[in-house]
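Those letters in the sequence shown? Residues 1 to 118, per the numbering used here, in order.
The set of hints was computed from the structure by calculation and includes no laboratory data. Built from N, CA and C at the ideal position, the CB exists for glycine as well. Hints are not guaranteed to be accurate.
[As the list claims (entries may be wrong)] Have a look at the derived ranges for each label pair, beta carbon to beta carbon:
hint	residue 1	residue 2	range
1	Asp92	His20	27 to 35 Å
2	Thr17	Cys90	33 to 41 Å
3	Ala63	Pro91	44 to 52 Å
4	Arg41	Arg110	46 to 54 Å
5	Ala111	Ala53	16 to 24 Å
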Amino acid sequence: MTAPEQATVSALVDPDTLTHAQTGGWDCVLCGLRLSDAPSRPMGTVTVKRGSARVVCEVWACAPACGAEPAPPEPEPTAWSQFLTHAVDCPDCRTGERCPAGGALHREVRANLPGGAL
C-alpha cells in the first residue's frame with residue numbers, strides 16, 4: 001500500500017463516521033454496499049476510536065470504483081450509550097463509587113426517559 005492511497009482514504013472519508021462493517025472490510029468504505037456482492041480493492045488504512053483505544057483498520061472499496069459519496073454517518077450516540085461507555089472505562093463507576101461525570105451522565109439518561117425518572 002502506498003502513501004498516496006492512504007492519503008486518499010483520509011480525504012474521502014471521516015474515520016469516525018465509518019460503520020463496524022466498513023472498518024471490518026465487509027462493506028465499501030465509500031458507498032456502504034456489501035463487498036461480497038461485487039469485486040473490491042484495498043483503499044489503505046484508517047485509524048478509528050474504539051472505546052478508549054485507537055485501532056488501525058484496513059478498508060476496502062468497490063472495484064474498479066463505485067462512484068458513490070461516502071456512506072452517511074451513524075446516528076449520534078444516545079445518552080445511555082454515552083453513560084455505558086463512560087462506566088466501562090471508569091474505575092469508580094465499575095466499583096460502585098460516586099463519580100461526578102458518571103452521575104451527570106446517569107441524570108441525563110433519567111431525564112430522557114418517558115416520565116423523566118426510573
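A quick look at each hint next to the structure:
1. Between aspartate 92 and histidine 20 the CB atoms are about 29 Å apart, so this pair conforms to the stated range of 27 to 35 Å.
2. Take threonine 17 and cysteine 90: their Cβ atoms lie about 26 Å apart, and the range 33 to 41 Å is violated.
3. The given range of 44 to 52 Å is respected by alanine 63 and proline 91, whose C-beta atoms sit roughly 46 Å from each other.
4. The hinted range of 46 to 54 Å is satisfied by arginine 41 and arginine 110, whose Cβ atoms lie roughly 48 Å apart.
5. At roughly 30 Å, the beta carbons of alanine 111 and alanine 53 sit outside the given window of 16 to 24 Å.
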